[in-house]
Amino acid sequence: MDEMAPSATDRRWSEEGYSRVPYWLYTDQDIYDREQGLIFQGPFWSYVALSAELAEPGDFKRTFIGDRSVVIVRDQDGEIRGFENRCAHRGVQFCRTHRGTAKDFMCPYHQWTYDLRGNLIGVPFRRGVKRQGGMPADFDPKNHGLRKLRTAERHGVVFASFDPAVPPLEAYLGEAMLGYFDRVFDGRKLKVLGYQRQRTPANWKLMFENIKDPYHASLLHVFLVTFGLFRADNESSVEMDATGRHAVLVSRKGEQKKTEDLSDMKSFREALQLNDPRLLDPVREFPGTATVVMQTLWPNLIVQQQSNTLAMRQLVTRGPNAFDLIWTYFAYADDEEAMVTRRLRQANLMGPAGYVSLDDSEVMEFSQVGIAQAPQASGVVEMGGHDTEDTPHMVTESAIRAFYKYYREIMGV
Amino acid sequence: MDGATQLRALPEDLALRVAVEDFYARYVEIANDPLRLEDWPELFTEDGQYRVLPQENWQQGWPLALVRAESRGMLKDRVAAAQGINTYTPRVMRHLVSNIRCDRAGSGEIETKANFAVFETMIDEPSRVFATGVYRDRLIEDADGLLRLQEHVVVLDNDLVPNSIVYPL
Numbered sequence: 446m447d448e449m450a451p452s453a454t455d456r457r458w459s460e461e462g463y464s465r466v467p468y469w470l471y472t473d474q475d476i477y478d479r480e481q482g483l484i485f486q487g488p489f490w491s492y493v494a495l496s497a498e499l500a501e502p503g504d505f506k507r508t509f510i511g512d513r514s515v516v517i518v519r520d521q522d523g524e525i526r527g528f529e530n531r532c533a534h535r536g537v538q539f540c541r542t543h544r545g546t547a548k549d550f551m552c553p554y555h556q557w558t559y560d561l562r563g564n565l566i567g568v569p570f571r572r573g574v575k576r577q578g579g580m581p582a583d584f585d586p587k588n589h590g591l592r593k594l595r596t597a598e599r600h601g602v603v604f605a606s607f608d609p610a611v612p613p614l615e616a617y618l619g620e621a622m623l624g625y626f627d628r629v630f631d632g633r634k635l636k637v638l639g640y641q642r643q644r645t646p647a648n649w650k651l652m653f654e655n656i657k658d659p660y661h662a663s664l665l666h667v668f669l670v671t672f673g674l675f676r677a678d679n680e681s682s683v684e685m686d687a688t689g690r691h692a693v694l695v696s697r698k699g700e701q702k703k704t705e706d707l708s709d710m711k712s713f714r715e716a717l718q719l720n721d722p723r724l725l726d727p728v729r730e731f732p733g734t735a736t737v738v739m740q741t742l743w744p745n746l747i748v749q750q751q752s753n754t755l756a757m758r759q760l761v762t763r764g765p766n767a768f769d770l771i772w773t774y775f776a777y778a779d780d781e782e783a784m785v786t787r788r789l790r791q792a793n794l795m796g797p798a799g800y801v802s803l804d805d806s807e808v809m810e811f812s813q814v815g816i817a818q819a820p821q822a823s824g825v826v827e828m829g830g831h832d833t834e835d836t837p838h839m840v841t842e843s844a845i846r847a848f849y850k851y852y853r854e855i856m857g858v
Numbered sequence: 002m003d004g005a006t007q008l009r010a011l012p013e014d015l016a017l018r019v020a021v022e023d024f025y026a027r028y029v030e031i032a033n034d035p036l037r038l039e040d041w042p043e044l045f046t047e048d049g050q051y052r053v054l055p056q057e058n059w060q061q062g063w064p065l066a067l068v069r070a071e072s073r074g075m076l077k078d079r080v081a082a083a084q085g086i087n088t089y090t091p092r093v094m095r096h097l098v099s100n101i102r103c104d105r106a107g108s109g110e111i112e113t114k115a116n117f118a119v120f121e122t123m124i125d126e127p128s129r130v131f132a133t134g135v136y137r138d139r140l141i142e143d144a145d146g147l148l149r150l151q152e153h154v155v156v157l158d159n160d161l162v163p164n165s166i167v168y169p170l
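Those protein sequence lines, which keep their order, are chains A and B. Residue numbers for the first sequence follow this note's numbering, beginning at 446 and rising by one. Residue numbers for the second sequence follow this note's numbering, beginning at 2 and rising by one.
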């Protein structure tokens, strides 16, 4: 046994509970492996697609749940199906393109063929050649289909789960989260504008925490603070579902002006002006007063509504020390051209080159390298107290605490 | 054979190619030098367009870019981001541009296509390939006689970006 690896007894959570986060959570391979089993293959709904990506029967998309490659496809009856991208014969990852249209899926190695529901429908030489060889008489293709996923769709958003025991999607999200979800996904048809993909050298949980952490937004992000897009003195709230696994950060845009609370916000630049203000030309389009709602849905989705830029941010784990973020930007199918242009311009705030998001992906790398130095130390998550309740302000880390409270129940750590 | 090399066409073609190659040499010098970043928008026309596209968006015709600027003003805003708005690990970027092709289009524009590779070097790490791809650009001779980018479309070979795009591509 590797003496340098922390043993199970070393992996103790601080007695302060979920207002501490031990650093071995972010670097330990064993924890990562257990997360794959208990979380990403557990009874939870992972985001996998927008149904607009699968418009016609046979349209498919290759994506990930945790680090497992899966294929999501619309079958001949128009139903959305999903299965693991791994041939039942010898384990070949048979689908090697982001998307396409197929009548069936054939593994290139020995040409085992599956229908759009993942059932095995073809095995070459099954009966042998010239009465020689072939599969045994008791070989039943029904027992050798692809590993199938449960799928659920709500208002154009598709989720999947490896676990047949997953509860209904609406119950899983809970009433409060469903309300915010339906605010953006109100049943209107969606249109994909394109994708961004990035690999960040940090543990996946740091990304999830980042969107449950309104404390940093007023400090790290010059752009948000200066232009009043998301700031501690704006009207804001942090809300969670009953379990604490899902959350929203809600806020209302303020003005670019000084207030007494700004003395702590060193990132505020009163003189900063955009050379081309067309970049920030938001229009109100959702009911209510919120201008930004960032929703984290356990275990792999961030729904981004910042002004008029809308995106699904899908987390793909890549070992304990890296994750990919796949951003699917969308519009509504009935948007006017000017609105689509506005969304495309505001996309400059987000993604690998985002005026805002770039700060996050860089700081998460700083976090990972710092955390890796001291697996036995812990992060302090006490802003706003020790509890996990909703707050009518953003000067809190309560949603991070709620996340870890739930995480500990699921992981048994 | 259309587009094949012809010796007799060289003299006029040569002047164009020298000018265009000189332009890209200057582009790279400025893009790679943090102290000259403010000169970068000047390599574009006032309404110059700049887009960085992942391979898949380019292939599928999706309009979303990784970086999208529609004016010299938006390019200046990008410079401001690299010079104090954004937080990032300091890095050295190195562009290599080659296989430059140029053609005069009807409207006085010069259409160019070039391969590029961009390397990135950060603290504690050896250099790595950051991106490879193709420039699909339109240059014009501006009012002051200088060549400028009317459109600089950076089509990446990769879809997956190594974390962050801080500097011009």
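Just so you know, these hints were derived from the structure itself, not from any lab. Possibly wrong hints are sitting among the right ones.
[To be verified] Derived CB-CB ranges, DEER-like: (1) A:A822 with B:R102: 39 to 49 angstroms; (2) B:A26 with A:D608: 37 to 47 angstroms; (3) A:P612 with B:N116: 46 to 56 angstroms; (4) B:R92 with A:A817: 12 to 22 angstroms; (5) A:E700 with B:A20: 40 to 50 angstroms.
We put the CB at the ideal spot given by N, CA and C, even for glycine.
Exercise for the section: Any hints from earlier that this structure breaks? Give me their numbers in increasing order, please. Expected result: Going through the list in order, the structure violates hints 1, 2 and respects the others.
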